[in-house]
Structures are given as structure tokens and as C-alpha cells.
Amino acid sequence: MKNIYLLFCFGVFLLTACEELVDVDAPTNQLGTEQVFESPETANAALAGLYADLRDGSVITGAGFYTAGTLMASYTDELDCYTNDQNGILDISRNLQQETNTVISNIWNTAYGQVYYANSIIYGATHSTKLSDTEKNQITGEALLIRSLIYYYLQQFFGDIPYTNSLDYEYNRNLTKTDATEVLEQLETDVTEAALLIEDEYRNSERIYLNRKAAQLMLARIYLLREEWELAEQMIGTIIQSPLYEFEEDISEVFHKTGQHILWQLEPENDGDATEEASFYYFTDAAPSAYTLAPDLVNSFDNNDLRIQVWMAEVSFDEKSWYRPFKYKNKDNGSNDNEYSVIFRLAEPYFIMAEALIRQNRQNEALPYLNAIRERAGLTALTSLSDEDFINELLAEKRREFFTEFGHRFLDLKRMGHLDEIRAVKANWEDYMQVWPLPQNELLLNPNLNPQNTGY
Amino acid sequence: MQNFKSYSSALLRRVSQILNGMDRTLKLLVIFCIPILLFSGHAYAQTINVSGRVTDQNKQPLPGVNVVLKESPSIGTITEANGRYFLDDVPTDAILSFSFIGFKTTEIPVNGRSLVDLQLQEDITTLSEVTVNAGYYTVKERERTGSISTVAAKEIENQPVNNVLSAVQGRMAGVNITQGSGVPGGGYNIQIRGVNSLRRAGNYPMYIIDGVPVSAESSSSLSGAILPRGETSPLNAINPNDIESIEILKDADATAIYGSRGANGVILVTTKKGKAGGKTVFSINSSYGISRIANKMELMNTEQYLEMRRQAYANDGRTDYPANAYDVNGTWDESRYTDWQEELIGETATNSNIQLSVNGGSQTTRFLISGSHNEQSTVYGKGFKYKTNNLSWNLNHRSEDNKFILNANTLFSDQSNNLVQADITSKTLILSPNAPALYQGDGSLNWENKTFNNPVAAYEATYSSKVKTINLNMNISYELLPAVYIKLNGGINQQGSEELLLSPNTKYNPAFGITPARSSAYKSQNRLFSYLVEPQMNYKQKYGDHEFDLLSGSTYQQRDKTSLQIFGYGFESNALITNLEAANTVSVQNDAKTEYRYFAVFGRVNYQYKKRYIVNLTGRRDGSSRFGTNNRFASFGAVGAAWLFSEENFLKNSTWLNFGKLRASYGTTGNDLIGDYQYLDTYTLSSTSYGGSSSLYPSRLYNPYFSWEKTTKLEVALETGFLNDRMHFSAVWYRNRSGNQLVGIPLPATTGFSSIQANLPATVENKGTEFELNTTPIQTKDFRWGSDLNISFPTNKLVEFPGIEGSTYANSYEVGYPVSIKKVYNYEGIDPETGLYTFTDYNDDGSITSPDDNQVIEDVGIKYFGGWSNQFAYKRWDFSFLFQFVKQRQSSYNALMLNPGTMNNQPVEVLDVWSETNPDGRYMAYTSGADAQKNKVLRYFKNSTATISDASFIRLKNVQLSYRLPVYKKVQDIRLYVQGQNLLTFTDYFGLDPEFFSTGFLPPLRTWSFGLQLNF
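Just so you know, the protein sequences line up as chains A and B, in that order. Everything in the first sequence is counted per this note's numbering, starting at 100 for the first residue and increasing by one. Everything in the second sequence is counted per this note's numbering, starting at 529 for the first residue and increasing by one.
To be clear, the hints were calculated from the coordinates, so they are not data collected in a lab. Owing to the predicted nature of the structure, the values given are computational and were not obtained by experimental measurement. Even for Gly, the Cβ is constructed at its ideal location relative to N, Cα and C. Mixed in with the good hints, there may be bad ones.
Below, a sample of chain A positions facing chain B; criterion: calculated Cβ distance under 10 Å [said to hold, decoys possible]: (1) ASP124; (2) PRO126; (3) GLY148; (4) GLN213; (5) TYR268; (6) ASN369; (7) SER388; (8) GLY433.
Assemble the whole structure, with the sequences as input and the hints as a guide.
Written out as C-alpha cells, the structure reads:
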């Protein structure tokens, strides 16, 4: 009996298990969310991560298979695609995109991931008890502007889209689509707020963070979409008149990081790293296997246009020749000492101004803006022409100026209702393609997003 | 006098044993007689010295046989290497008991002889003697209440495999093992009674090597493109020849004592121990093997291929071939033909193995030291190699009085693997057969004027790993009080791995003008340190017909893992690529330390009545650091019972039935395989930076409330032995239900993440039957034939899933169906009007869309599987073979196929193409990829019923032939053997091989090996 008693004692001893035994230290590579927003350093590190994400894998990354710059250029009439794969890249170039297209779902998924990221920063900063009001405003404002930029592209690519500023997954998983016009209204509110929160003055002399003027440019884009020409004119006015900016007259200096015409650019990760724009399009001494500039685009340049020599490179092989984008020159990591990825540059406010003015039948005021771009490219200034011709000239000039940059071509054609013009070079083009299909998985995971966009 | 005492006490015990078995009158009589017996014991206690030689049926000496006095088992010895034994002072009327694992225990009266030779009979089953390792305790096979499958060394020795899991495929009922790849050093998919968890990572079994749990999760982080799922197996670190036995615990009775980690079954690996033979035995075992791909797909030849390509352009209405259609536009030689499977994965891989070991010791202390080296090349050639070194030693000691027992093991392994970075097997199936030569005349890579993406360039990019593992285990037991044992099981498991993923610029076509400034290298280091302490107490007592066996104990385990991954980019020269100091840009991708703490108390109560009725209660209370503070602890338990009906009087003397048992068990187990820290709300430090600032990103959606997955297991089994153990049959029925599913619930991207960790109120049921039949149809003096068959019929069903309709799983699962289903479009054939594939438009909306039209539920799982093995022993010859069979459905090559007509080769089946003149054609007319309609329907086709087909197979898994040479002088044993692995496969499967868990990887190889084993 004694034995059993002993055994019993032993058991009781063991059963008094201490909770502490299963306590663990926090992982060394993670920081509690509240802690992140207790100091400006860590809070800004969270924001830095969002900027890095924009630079490395977002719709506004300079170039790549999942970026507006490359995809939309091949979707419309700027790039020809030579990839020999069977995934969605080629289908987008051929306008054969379906709801199962993995490139489209990739764009959607990363964009909403960044929306959450921004929302998380906004929530963390606004609820922080340790950050000063200045710090809060700067962090919240920049995150808000980034989120708006992402939403802007999502809305333009997909039409009606789910809009959320919540972190609650139970709510976010059941979102319904918000009407496109409502999304734009919401974006106007958000960007206006961001413009109030952040300053004109750059946080960094290299203009790698967003400032108020960038927000105002975003607002102008939204006003164009809503055909509020006067408001657009007004917004752009503040940018053009700002002493911060100066029009760059030298075509070969446009993508140099020190330019006073730059509103916002993204800095590569390491000193000397090449931009995506420089390395992605590069090929030499061979037939193309990724992208080349579409012959139709190349032919649209006047022979005297400086941009042919400065922003394009010819590749010849086997008695054939192609052109590749060459706006950025330093393709090798380590050798890039003067190029950052320029997201917003003064040429865009010029075009917006010209567009806003011509819509108000003020061609005389609009012409100088268009001519500034033309003259920089070594072309003659335009003189008086019909408003319709002006619009066409503006569109064509913007194509030549912004080719392979952030989907400008698609956004412009769409806004002005000229998308069907690309049918001349895009045999498969149909009207419904002005929006992409929502990713199939997304509809399966959240049936509230039904119906699918028309046509798909 | 000492001798007399022990003899008389043994006698007393014997008497009381006899008494127990008698009725009352007889007892009285016997008690009356005791003094006489005692006296007579004294009177006849004359002693002599006895010696003799013990051999097996083949008259081979048997070292290590236990020879004891039956009356007094503490007196005895062990046979030496030559089978001889010597026993002094043996009473002339003593009975000697000879016992040895695998042989029938034999008792021989001395009858005053001084020479007692014996030929031991091999015992196939010896149910009464065999004990089974159940982890925390051992149990006699006949008294076991749980479900435990065992494979012993004999069946797995000398097989030409790197991992023991390859050797046990098909040998155990209810255990389905799939090898991931034919590349050495990879992982396996093991399902012990099916898939319990809806998470893939939640289905790993628990591995315990010599009492120390090892992590089932692979620490490899860079091998994803060459090893399926980037997984390795924890058992890669053990030489299969060092393994004594593998036990797999399946039901609640066996696994509940492992609590929160037992739901997916437990794999116990026991390594070999020293055998006392008086003499020290040295062994050498060496083998050499060659392997080749087991099967090739029959692909189009150049003529057929070019015809397909031209037809494709013709169908698309194109007469001029595009500039990059090098295969047909005249750029490439149209008369070339290369069998790319032969060229790229057709090398003969070699496998050489050498093992040296020494074992010996005395009766109280034994040791074993073993070292081995293995080298295996790949079918890619190019010097890619997998090398392992294993060193292990074992020491066990028992005190003279048997009260103290110590057992210490050390297993050290050093694996180094050097492989191509990405498997090119699937590439060999699609390369144009008229693609140019791989090399130029001078041996350099041929890029054919930059028109050819030379596949060999892929070999420039390599993956290599070095893994060092140490597993230390110490097990101490002491009999504190009579029948009360205190034990301590402790162990340390340390694993260090270093991986290197090199991508020099030479892997790219020089057309891109890429210089070493774009060469890159990843380096990853993982360190894992785990220790375990398990104090235990055991109490065994017998009161008449009642027998108790009580066990209680606790477990504390700590596991710390550090990982570091560094990326280097841009080198001056590729000669410096392995040193990240030389990189222009270096970034730390990951630097993490994670901790895991685990604490538990457990117990077992085993009660037997008359050795006929057995009840076994087990339980465990677990705490794990993987859960939020409110959900850290949980309890698990099981009850098992057995009835040995063959012991009942009405069957006891049956001539045909010598063993019969009914057993049942019921209980719960859990699953905590969800990774560490998942309950925290954090930001994670990222490897990227911006503007000189390091960056932080949100780690996950926050949910601290999830808890354990629980699996409730029920089992009923019948075990029988017939005709003097010549035939054994067992049948098992089980039903496991896993609820409270802990899953990353897929979320729409609008939540910011693809999933959230949470418990889902769903239940997965695994139900099935398993049958095993072990027979010895022939057993004569010189010839023995043993034949074993096992077959398992698993079924899997999602029984419950409240709210599935609105849930995110609606497209992947269906209540009432297995979790392995695929929902696909119903393929109807080719429309004679349009020549396009057609599918059933279930919702009649005129177009094929998901989820309304992909409604056909196809089960891509296993219907039944098993193995049939036969062993023949004739004099000095041993021959055995094993057939493995699996009845299953799987995705066929149709699901992987690229659009026929594009610049990709196709299987010859694709020649059967539809046209107006061939209306029964199997495939749609070719297209070069320009036909949007065809591209679209092909996509549906690849996700339709046309891609799911029978993938059943019967495989001649293993053949062994060995011959034992007549011994010569000091050499005790020489054995020559030939082994074959995966020799034949019978299947109708359309694809490279029906055994896979992730498509596109090299299938398991066919191997022949020859070897020599020498003991002296």
C-alpha cells in the first residue's frame, strides 16, 4: 500500500504544473503592434516598409510583370509582348484576360494587402498615446495618400471596387462593391484630408517621401475623372506656381534624381541599385523575349523628336530591329548614381493643366503647357487648332511623353473615352475591356462581390 | 550456499505458482508436501558444469542467446559469437531455458548431461514473447490493447534507400507513404489513417527517435524548386541499417498518451543496441547500387512534332512563322531529334554505401558503435551528389542485482546535398525535339545564336545543403522499492543546417547581357536545439488473478530555433559567389529566433484479470506555448480494452485456434502543429529598407483565441492465430473524427491577407478497415516460405461544416465528400461543329463559369492500398519480394499539358487530334496560341473531368536475394546480397509516375544494388 501512496504523491507533485513553464520570450524579429506606434522611429519604420512595398511590388513599381507601367503599356498600344509562357502576362498583352488570370489576381491581392498595411498604420498612429501630433499627422497623412493612390488604380482597372478603411477581417471579408463614382468621392475626401495632414516641405531633400503637392496632384487626377475642370486647374495651379518646382528643359535630365521638376520619386533599396525601369526592359544582341516598344508607338514620333534618341534604344539582331524603353540608363546594381524611380513629375501637371483649360475652351492658355513639352523634345510649337484636334494632339503627345510610365496611356484613353481607338493595333479589343475582370478566387471567397464585370 | 538459497527461493516461487493453478483439495495436499519438496530440493542439489552450442535451423551459430535456469532465471549466461555457452554449477535436474528474439524459447532438462547442444527454431510470430514498444511503456504483443504496426530490422536492412520510409512503404496497414521525388534527400508524405486536418502542415505525424521527439517540420527554406514543397524528412538523418524497429502508433489507446501531438499518429524509431555475445563482433557492410528513372513518357518525335506545329499555324490561319518560332521557321535544324528525357534526366545514378560496426560486451554491459558513409549521385549527372555520414553508439548497462538500468544512445549524422536549383523533369517533357544541341564542339554551352534557352544552363544554378544532426538520449531506471521503478528519460536533439542557393549570371541566356553584377546567392542557416526531460514512475503488481501496471510521468520540452537568411547580389566574378563578403549588396532576409515550450503530465493504468481481460487507461494534460494564454492547457485521454477469448476454457484446448483477441479503444488526441507565435498581434521586421530606415510590416491578422484541434478515435479489432501460429489474421475497424479544425481560413484579399488562423467548426472523419494476414505456408527443416498480406480501405469524409455555403471553403469542399475532392467542369467531348472542347453548362447561362459550372466532384484520393510480401529461406539462400499496390485516382498529364501546337512537345497521345475526318479524336485541333477560343476552352479542359483519371498501380517495390557463404576460420558470417527497388510498375496512369504528392518533380527511381556483409 505504501508503494501506491508514494506513486500518488509523485503524481500530485507532477500535476501542480506551472503555467510559467510554457511561457516563451517574444520572437526576436517581431514587435507588438502597440509598441510599434510608441516611438516615431518604429512608427516610421512601419511607414518605410509601406514605401519599400510600393517600390518593390506594387502597381506603381517602375517596371515588371505585375506593374501598371508595363502591363498597361502592353494592354494598350505601347509595348509588344514576346514572352513565350502560358501565364497571364501574354493574355493581357493580347487582350485575352479572363477572370482566372493570375497576373490580375496578383495585382488585386497585393493592392489590397497594401490597403490593409496603410489602414493598420493609420489606425496605429491615430490611436497612439506616445506620438506627438506632428508625428501623427505626417505618418497618417502619408499612409492615407498611399492608400488613395492604390485605390485610384484599383478603381481605374476594375471599375466598381470594395472600399474599406477597417482592419476587421470579419467586416472586410464580406465587403460589397462600391460604385465607381462613390469611390472617387471617397478618394477626394481622403486625399483632401491627407493634403491637410502633410506639409509642402519634403521630409527628405531627395523627395522620396510624399508631400502636400503630391496629394494635390492626386486630387487633380480625381477632378479630371469627375470632369471638374476648374477644380483641377486650381489644384494644378498651386503646384505649377510653387517655388519648389521648376520645369526641366533638358530632355536628358528628366529621370535624374536631382531634378527640380520631380514631385515624388522612389529610392532604390541600396546605394547604387538600378531602378526596375532600367533593368527590366534591357536586352541586346538577340531577338526579344519579353517586351519591346510597339512599332505603332515608335512610328508616332516625329523623326526630329529627341525622345527617340534619348528615351529609346534600338536593338538589331538577325537583320531585324526593335526598340526598347531606355528612359533609365543605369541597368546594373552598383553603378547607378543618378537615377531614382520618378513617380510624379511636373510634365503631368502640365498636361492636366492643358486638359483642364481646353475643356473650358481656353486653348490659348492651354497651348503653352503642351508646347513646353514639345519644345523640350525638340519639336516645333503648335499654333491654334480646333479643340478636337487639340485633344487628339494632347493624347498623342502624352503617349510619347509618358510611354511605359504607370499606365498613363490607359488612364488617359479611358478617361477621354478613346479606348476603342487602339483596336487599330489590338485586334481582340472589345469595349467591355475598359475594366478587368474581378479575380475569380475573390468572387468565390466573397460572393458579395458578384456580379462579375460585364463581358467576363 | 548462495546457490542453494536462490534455488530454494526459486522453488518456493514455483510452488506458489503451482498452487495458484490448483483447486482447493489439491492445494492442501501440496502445502502438506512442501517441506518434503524443500528437503528434496536440498537433497538433489548436486551441480555440474554444463556447456554447449546453440545454432539456428541452418546450423549457423547463434550468438547472444540467453541461457538461464528456468527455476532461477537470474542464473545464466549468453552465448558467445560461435554460439557456445558455459554454465557452472548447474543442478543436475535443472531445466535450461534458451531464449532469443525471433526464435522460439526452448526449455531442455539437463538430466545430468554436461553437454547440451541445441538448434533453436525460428519463430515467426511468437506472440507470447514479442514485446512492442509503445513509447512510454512496452507491452507484450498478445496483451496489447492499442493499434501498433511494427516493422523490424530484418525487413528493412540493406535496402538501397536513403530513408527508411522508402523501405517500409507497403509494409504496414493503415500507413500510406508517398515519396516526393527521386532526388535524394527529399521528403515523404505520410498519412497514418488519412488526412485529419484541413491544413496540410497539420497532418505531420509525431516522430520520436529513441525516446526523443524530433521536429517533423522541415528546416529547409531554399529547396522549394528541387524538393517538393521544400520538404526534407527528419528520418534522412538515420541510416536505415541502424534501425532496429519502427513502430507506428495509430489508435487512441496508443496515441492518447501523446496528447496534443498524437492526432496524426506517432512514429517511434528504435535504433540497434549492443548484443552481448561474450565476444566482440566486427561487421562490415558494403553495397553499390545503380539507379535510373523508372519510366519515361512517350513523346512526339521531330517529324510528328513539326507536323503539329505547322498544323497549328495553319489552323490559326498564319502562313508566316513568327520570328521567335525557331523550331519551324527554319532557324533550327528540322532533322534533329533529341530524346530530352534521356539527355537531361537519363543518367545512371550510383549509390555506394559502407558501414562498419562493432558490438560486444558482457552480460551486464553492452555496447554498439557503428559508422557509415553513403554517396548517391543523381540522374542529372553533372556531379550532383548527396552524401551522408552517420556515426552512432549505444551503451547499456544493468547492475548485478538488476535494479539499475541505464541506456545511452548517440546518433550523429552529417548530410550534404548538392543539387540543381530547380527540377528540370517537367522541362524534359516539353522541349522541342528538334531543339539544338546542348553543347558546342568545344564543350561550351550552345545558345544557338541566342535562340535557344539552353536547359543545361539551369544546372549553373545550384542548391546545396549541409545538415548536421545530433540526437542524444539517456534512459535510466531504478527499482526504488519492490515493484516501484523510477525512470528518467532525457534527450537532446540538435540540428544545424546551412543552405546555399547560387544563381550565377551564366544561368541566363547571354542575349540578356547579364554580367556577374547580377549573380546572386542566398545563404540560410538554421539551428535547432531541443531538450526533453521526462521523469516517470512505474509500479507493477500482481494480486492473484489481478495485475496492475501503473505509470505516471511528466514531460518538459524546450525547443529553440534560430534562423538567418542572407541574400547577396552582384559579384565581381562568379568565382567569389559562395562568399557573401564579395557581394556588392548584402541584405539580411530573415533573422529570427523562436521558442517553443511544452509541458505535460501523463499517466497510464493497465489492469489485467486472469491474463484474459485487460483494460488500459491513458491520459495526458498538455500545455503548449503555441496558444494564447487562455487556451494553453488541455486534457486528452483514452480507454482501451482487450479480451483474450482464446484463453477461455471453451477454446483453451482448441487445436486450430491458438490465439484469439478482441480489442477496442476510444479516446481523444490533439494537434498543435500550427507554428509558433501565431496568437500574437505584431509587426515583423522586414529585410527591405527604405530611405535608410529598416522596415516593419503587419505580421498577420490578429486572433488570440484559437485552440487545439481534437481528434476522437474509435477502434475495434479482432486478432487471431491459427494452426500453431502458422497463420495470423487481424481485422481492424476504426473511425477517427477531427473537429475544431485549426486552419488558416482563406479570406478574400480585401482583408489584406489570404487567410486567418482560427478554429473552424468542421469535422473530418476518417473511417476504414485494415486487414493483415501473416502466414507460413511451408516450414521444413531446410525451406521456409512466409507470406504476408496487408490491405487497408480508408475512407475520408467531411461530415460536418456548419455554414459551408457562405464560407470560403465552398469551392474546395463538400459536406459528405472526402477532403481530397476537386470540383471540376464536366467534359463532354469535342463539338463536331466548332471543333472545340465542350463542357456541361449546368446553369444554362450560355457560358462556362465557376462556381456554377465546375460542379462535378472528383475524388482524387486513395480507395485502398496495401502490400504483399513473401520471404523464402532455403538453406543458405534467402529470397524475398514485396508488391505494393494502390488503388487511387489522380490528376493526369492532361492537367499539366500546355496548349498543343505551341512551342512545346507533347505526349504521342496528342497525335490523336480531332478533325472532320477523325471525329473520335481525343484532343482539339492544335493552335499556336493565337486562337483565343481554343486557349479559353483548354483552360477549362485542364480543370475538368478529363484530367482526373485512374492512377492505380501495382509496384514490385523490393526484391532481395541473399546468400550466406560457408564460414571460414574467424569469419562468422559472410552474406552476399542483391536488392532491387521499384523494379516494375503496372499502371494505366497517363503521366510519368502515379506516385507523387506534388506534380512536376522527378519520380522515384528504379534501383539495383549489390552488397556484401561480413561479421567476424
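The hints, checked one at a time:
1. For A/ASP124, the interface hint holds, the least distance from its beta-carbon to any beta-carbon of chain B being 6 Å, beneath 10 Å.
2. For A/PRO126, the interface hint holds, since its Cβ comes within 10 Å of a Cβ in chain B; the closest pair sits about 5 Å apart.
3. Checking A/GLY148 against chain B: minimum C-beta separation of about 3 Å stays under 10 Å; hint holds.
4. Look at A/GLN213: its Cβ gets to within about 8 Å of chain B, closer than 10 Å, so that hint holds up.
5. Annotation: A/TYR268 was flagged as interfacial toward chain B, and the flag holds, the nearest CB pair being 4 Å apart, inside 10 Å.
6. Against a cut-off of 10 Å between C-beta atoms, the interface hint on A/ASN369 holds, since the closest Cβ of chain B lies about 5 Å away.
7. Interface hint at A/SER388: satisfied, since its Cβ lies 7 Å from the closest Cβ of chain B, which is below the 10 Å cut-off.
8. Proximity of A/GLY433 to chain B holds as hinted, the smallest CB-CB distance being about 4 Å (cut-off 10 Å).
Of the hints listed earlier, there is not a single one the structure fails to meet.
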